[in-house]
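Protein chains: 2
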Amino acid sequence: MSAPDRIEVTYRVAVGRDRIAAVAADIAIEQSVELPLAAVHDRRVLDEVVGEVRSITEVAEGLHQVVIGLAIETLSGDVAQGMNMLFGNTSLHEHVQLFDVDFPAVVARDWPGPRFGLAGIRALTGVEGRALTCAALKPQGLPVDQLAAMCRTLARAGVDVIKDDHGLANQAQAPFVARVQACQRAVEAVRRETGSRVQYVPNLIGSPRALVEQAHVAAEEGCGMVMMAPALVGLPMFAQMVAEHLRVPVLAHPSMGGAARIAPPLLFGKLYRLLGADAVIFVNYGGRFGYSRDTSMAIAEHARAHWPGVHAALPVPAGGMTVERVPALLADYGPDTMLLLGGSLLVAGEALFERARAFVSMVQGQ
Amino acid sequence: MSAPDRIEVTYRVAVGRDRIAAVAADIAIEQSVELPLAAVHDRRVLDEVVGEVRSITEVAEGLHQVVIGLAIETLSGDVAQGMNMLFGNTSLHEHVQLFDVDFPAVVARDWPGPRFGLAGIRALTGVEGRALTCAALKPQGLPVDQLAAMCRTLARAGVDVIKDDHGLANQAQAPFVARVQACQRAVEAVRRETGSRVQYVPNLIGSPRALVEQAHVAAEEGCGMVMMAPALVGLPMFAQMVAEHLRVPVLAHPSMGGAARIAPPLLFGKLYRLLGADAVIFVNYGGRFGYSRDTSMAIAEHARAHWPGVHAALPVPAGGMTVERVPALLADYGPDTMLLLGGSLLVAGEALFERARAFVSMVQGQ
Numbered sequence: 080m081s082a083p084d085r086i087e088v089t090y091r092v093a094v095g096r097d098r099i100a101a102v103a104a105d106i107a108i109e110q111s112v113e114l115p116l117a118a119v120h121d122r123r124v125l126d127e128v129v130g131e132v133r134s135i136t137e138v139a140e141g142l143h144q145v146v147i148g149l150a151i152e153t154l155s156g157d158v159a160q161g162m163n164m165l166f167g168n169t170s171l172h173e174h175v176q177l178f179d180v181d182f183p184a185v186v187a188r189d190w191p192g193p194r195f196g197l198a199g200i201r202a203l204t205g206v207e208g209r210a211l212t213c214a215a216l217k218p219q220g221l222p223v224d225q226l227a228a229m230c231r232t233l234a235r236a237g238v239d240v241i242k243d244d245h246g247l248a249n250q251a252q253a254p255f256v257a258r259v260q261a262c263q264r265a266v267e268a269v270r271r272e273t274g275s276r277v278q279y280v281p282n283l284i285g286s287p288r289a290l291v292e293q294a295h296v297a298a299e300e301g302c303g304m305v306m307m308a309p310a311l312v313g314l315p316m317f318a319q320m321v322a323e324h325l326r327v328p329v330l331a332h333p334s335m336g337g338a339a340r341i342a343p344p345l346l347f348g349k350l351y352r353l354l355g356a357d358a359v360i361f362v363n364y365g366g367r368f369g370y371s372r373d374t375s376m377a378i379a380e381h382a383r384a385h386w387p388g389v390h391a392a393l394p395v396p397a398g399g400m401t402v403e404r405v406p407a408l409l410a411d412y413g414p415d416t417m418l419l420l421g422g423s424l425l426v427a428g429e430a431l432f433e434r435a436r437a438f439v440s441m442v443q444g445q
Numbered sequence: 080m081s082a083p084d085r086i087e088v089t090y091r092v093a094v095g096r097d098r099i100a101a102v103a104a105d106i107a108i109e110q111s112v113e114l115p116l117a118a119v120h121d122r123r124v125l126d127e128v129v130g131e132v133r134s135i136t137e138v139a140e141g142l143h144q145v146v147i148g149l150a151i152e153t154l155s156g157d158v159a160q161g162m163n164m165l166f167g168n169t170s171l172h173e174h175v176q177l178f179d180v181d182f183p184a185v186v187a188r189d190w191p192g193p194r195f196g197l198a199g200i201r202a203l204t205g206v207e208g209r210a211l212t213c214a215a216l217k218p219q220g221l222p223v224d225q226l227a228a229m230c231r232t233l234a235r236a237g238v239d240v241i242k243d244d245h246g247l248a249n250q251a252q253a254p255f256v257a258r259v260q261a262c263q264r265a266v267e268a269v270r271r272e273t274g275s276r277v278q279y280v281p282n283l284i285g286s287p288r289a290l291v292e293q294a295h296v297a298a299e300e301g302c303g304m305v306m307m308a309p310a311l312v313g314l315p316m317f318a319q320m321v322a323e324h325l326r327v328p329v330l331a332h333p334s335m336g337g338a339a340r341i342a343p344p345l346l347f348g349k350l351y352r353l354l355g356a357d358a359v360i361f362v363n364y365g366g367r368f369g370y371s372r373d374t375s376m377a378i379a380e381h382a383r384a385h386w387p388g389v390h391a392a393l394p395v396p397a398g399g400m401t402v403e404r405v406p407a408l409l410a411d412y413g414p415d416t417m418l419l420l421g422g423s424l425l426v427a428g429e430a431l432f433e434r435a436r437a438f439v440s441m442v443q444g445q
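Chains A and B, in that order, are what the protein sequence lines are. According to our numbering, the first sequence is numbered sequentially starting from 80. According to our numbering, the second sequence is numbered sequentially starting from 80.
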């Protein structure tokens, strides 16, 4: 079988039966030649480059699912140009959502994909047969010594992965280098003390140059994992960081994901994975964001789904979860998951250790 | 007067009177400490870092405008972290739009801003006292010689600025280097022939490394201007390109702008300008995108508005415009504008020269 020459892209379009055929044809043109067909005079372009409407299905009253076949040659093997062809100008139409993409292997191989993935993070942390635990260092505004002390407390409580809040950047109050050194030393001290393999995960954020420098610092300090928000640093830069500058697993943060216009399961579960995220933080239902249970579960399923040649990524539900909800989370997501509790641990104040310990125990089944 | 320590950020929130106070308080927390206040034990953080709700105004039934004061120290002088604090996690809430930002000078100076701007593009093209004209080379899929021939025709017709379609990347059919060489030579030949100062504008797109290489090629070939889509290449990389790798005016393309979640006048008129775009392409009303006249006009106003220390940018309305609408466009936008016609010129086929000539004549007032 020869490689396909089209990639199938699914859009959800909020228009009714009377207009959907015309709107689907418009999307096929907008995402390819971006020109009325009357202005396309080249036979090859008409046959091989213009987008093709493959199917139109009514999902509900006034909502249709449209599958368009786009010519793979237009993606030119590049992440930025790939997103340009998948959603570029059509993202400006309020009635269209980029819903799903069926990546042929010939396209997927141009995106990094997770290098460690779910299995790599299990190997790194030494956690097998149960869900992993994750907590966050915050709030921004605290000085380095307080963040490092919090890191030590959480590590001693047995949390597997302790990440920076995504709002911790390179602020004067807790500069990146000093913070990473102090927090990494804190987890290393606890490792020696307890024999655990707890990981501290610094948040890399900034211009491309700053990201490369931060990756260098994280490597020098011996951090076993790092975090970036693909939508903030830019999807192409995220992929380039993964491919060229990072030798440890990468945790993707959803900040700036604008997920309402790109279906969350596609963006967080599939695209972030294909960009090289080894673990993907996403919003769980019933927390402080309005995702449905179906949406949250679909993100996790996409992240872990069998995909030949692309490692499974570790789903990380988060966003206003509490210790009390841990059993329900485990029932929903199963063991191939990392549970991330943020504020609900830190709200314990002086009782942070006990609260974190309760979280850890519930997940460890003790 | 001392520098302000807060930046005022305006959100539009689709909730009614009964819930708006609570939702506004939630946004203030989400965009700062991201932690219940009960978990913030540090006095300085409570006083100086937690976001402040400055005002809540009802805009319409079920729609409120909320102004939040965010601590400038949390932005850490960086574009990625700036966007993280302005909209990061809140972008995941479907009911919230980032509506406007009032940039204090102390924040704006950390973003590049246009280096040439409206005045610089007038100087480059030699066009004074009237609107500029712009046309696009497309469709993708054509080989280099056909694109260069089209470029020559449009240049001979007197178009001021001829840009690549944003879908032209580095496809095998028309590779970047060969295309830029051929199109740049085409405009240079026409310049010698007619004495005009017509500009060819290549589309830079790809990974950060590819962008730097493309900028180098464009400079070597003598291109007087380049185009990038900030939302595709990533806002931080766009800013870094402007600040470090480009010595010519930059035209911003709206592709992947997801403008429905960030108010278009803010995203295209203000943020893209502050990121260093000298000219900003945006969607005009009444074309193939559903913007209102108010939205389109507001984008242009933001791009040109007086802003101490930040050059005015050149507004470039586009998106399904026709030659027939040129008088209305000129009436709307006035002379400090560049009008971009794409498909409506190319649909003329063999009559491309005459159609482009008619466009040029209408704008030149001949």
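Note that these hints are calculated values from the structure, not bench results. Don't take every hint at face value.
What the hints assert, rightly or not - Take a look, some chain A residues computed to stay more than 12 Å from chain B by CB distance:
1) SER134
2) ASN163
3) MET441
Unchecked claim - Cβ-Cβ distance ranges computed for the label pairs, FRET-style:
4) B:VAL185 with A:ALA268: 36 to 46 Å
5) A:LEU125 with B:GLY399: 17 to 27 Å
6) B:HIS174 with A:GLY388: 30 to 40 Å
7) B:GLU173 with A:GLN260: 36 to 46 Å
8) A:HIS120 with B:GLY399: 15 to 25 Å
9) A:PRO222 with B:ARG188: 45 to 55 Å
10) B:ASP224 with A:ALA184: 42 to 52 Å
11) A:ALA228 with B:VAL185: 50 to 60 Å
12) A:ASP411 with B:PRO254: 40 to 50 Å
Positions of the beta carbon are idealized from the N, C-alpha and C atoms, including for glycine.
Hint check results:
no. : hint                               : result
1   : SER134                             : holds (23 Å)
2   : ASN163                             : violated (5 Å)
3   : MET441                             : holds (20 Å)
4   : B:VAL185 with A:ALA268: 36 to 46 Å : holds (39 Å)
5   : A:LEU125 with B:GLY399: 17 to 27 Å : holds (20 Å)
6   : B:HIS174 with A:GLY388: 30 to 40 Å : holds (39 Å)
7   : B:GLU173 with A:GLN260: 36 to 46 Å : holds (40 Å)
8   : A:HIS120 with B:GLY399: 15 to 25 Å : holds (20 Å)
9   : A:PRO222 with B:ARG188: 45 to 55 Å : violated (26 Å)
10  : B:ASP224 with A:ALA184: 42 to 52 Å : violated (33 Å)
11  : A:ALA228 with B:VAL185: 50 to 60 Å : violated (31 Å)
12  : A:ASP411 with B:PRO254: 40 to 50 Å : holds (48 Å)
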